[in-house]
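Q: Each chain is listed here by its residues.
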Amino acid sequence: MIEIKNLVFQYRKKKPLFEDLSLRMENGSIVGLLGKNGAGKSTLLNLMAGLIPLQKGNMIVNGFEPSKRQPIFLADVCMVPEEFAFPSTTIDSYTKATSPLYPSFDNKKLDRILVEFELDRTSKLNQLSHGQRKKFLIAFTLASNCKLLILDEPTNGLDIPSKSLFRKILVGSVTEEQLVIISTHQVKDIDTIIDKVVVVDNGKILFDQTMETINKQWYFETVPSLKGLDGVLYHENSMAGYKVILPVTDERESPLDLELLFNSIINHSIQTN
Amino acid sequence: MKFNDFFNMKRFGLLVKHDLMINQNKYLLKMLVLFLGLYAIMVLLMFDGPQQFIHRQTAPQGYIMIFVFSLIALGVFIGGSFSDLGSKVKRTSFILLPASTFEKMLHPFLLRVVLGIVCYLLFFWVDAQLARLTMANAPSILIQGLVIEPFHYSQIIDGMGRDDFAMIVFLLFSFGMYLFTMPLFFKKQALLKAIFVFFIALFTYICFFSLMSHLFHPGNNDGLGFTIPDFKVYKELTSFDLLFDSIAGLSWMFFLVFGYFKLKELKL
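Respectively, the protein sequence lines represent chains A and B.
At position 95 of the first sequence (counting the first as 1) the number is 95 in the numbering used here, and the numbers step up by one without a gap.
At position 1 of the second sequence (counting the first as 1) the number is 1 in the numbering used here, and the numbers step up by one without a gap.
Heads up, some of the hints might be wrong.
Unchecked claim - In silico contact screen, one side only, chain A against chain B (beta carbon under 8 Å); selected entries:
1) Gly50
2) Met79
3) Ala85
4) Gly228
It is worth saying that the hints were derived from the structure and are not from the lab.
We put the CB at the ideal spot given by N, CA and C, even for glycine.
This is chain A alone, in the form it adopts within the complex:
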């Protein structure tokens, strides 16, 4: 579980990135962290992982203060950073060397995911393509069984079949004790797997809702024309006419269009927090 209260953060010689940011995320969910470029998504993830120290406010992750970097805390946090590097070794050697540092690591689970991602334990990490290395990193992270999994742009560099495999594997691997935070610009890659949407903008949490709440409040639809439509909250031109967000007035539900929802939030067309 993550609890952030009144977080203030500022990089040197820059305007404050977060001012009085508060947020709560419960275990047993997959959270999509969205925001424009420079909104502070990666900074927020780095703060949660203890990679950068807290300046002001409180942050508790799984009962620990991340910036203290206690080994027990670090053993329960696994991250797929946007940029990564591997030593010149094989998948097998890397796994044998690194996995014992994570007490809950499941080697069988890793093997299963590696098979699904078509990766071989004998492959040399530095001879794999960027996408293959990313798939291994995702596989390792999921097999770590850490309580907090932080995935920063996990689908960047993955081909289309791998993206759907990633979604399938992630959903099948996460337990009720885990919290997965995915930060991405490629919202279509995650719109079917997340339980909660958090949007960061201008140093604040602009939107923080579960999928259940979203489905109860808004209806996403593509219509040929806006004529005759009442109560359109937000619309965008599309090839088939218009993509619209409407308030839910009856029992009907629609598949989430995360990109449309995100744009509407950023344009303040939807009243959020």
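Position chain B against the provided structure of chain A, taking the given hints into account.
A: Same frame as chain A, but now just chain B:
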């Protein structure tokens, strides 16, 4: 803070195993380069000036000279302890490794400093014996009929002076600890910057002494020369000895503590 948050033997063992499994080839290559490099230098210098390796009134100067200069290689090895931290990507992996800051500092200290020094001393001794054996089988004309003296560490101790040996060792160790911790302060080209800063600091120190000497002892010194008036603190111990011994004997502790806190506060 619980002791387990600071140090855990099992976790430390796993951290060392992790590093050795991943970097074993790199370490073996470095050891091989050091071993063969020392051997090659010794043989070359023995051919070039065999008289440097025979015992006259003093210990064979050739061994002492190679020992002193090859310490640079050891310094570079020790100075490479945290060199990966210059890269943001590697810094991320390092910080996220599930181990305490103390363990993350102790591990390169044991591997690079303790094991590095032991291997260096062992390799130097073995190479010196091997080089001498090589020369013993070389045609006599090449080494001007001289018999190369066997190497003993007592020759190095004698060469440095038995009275000052302990302090010289401490001084070298302190400089080693300076090189060990400085990469934590510089992100790129850490070793070069550390050496540059060392010479800047040394020059500033000399300038300060010189300025004080010109102010308080006018006419006694020219240019950057300086006078340090010393007095006996205790029996044969002068105030200058005390200053030198304090710097040599204590600064390594300062660097280690300073480095620990810098590592603790390491960020992206």
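Q: Against this structure, judge whether each hint is valid.
A: Outcome of the hint check:
1. Gly50: Status holds, d = 7 Å.
2. Met79: It holds, given that the least Cβ distance between Met79(A) and chain B is near 6 Å, below 8 Å.
3. Ala85: Constraint on Ala85(A) satisfied, holds at 5 Å.
4. Gly228: Violated, about 53 Å.
In terms of the numbered hints stated before, the structure departs from hint 4 and from no other.
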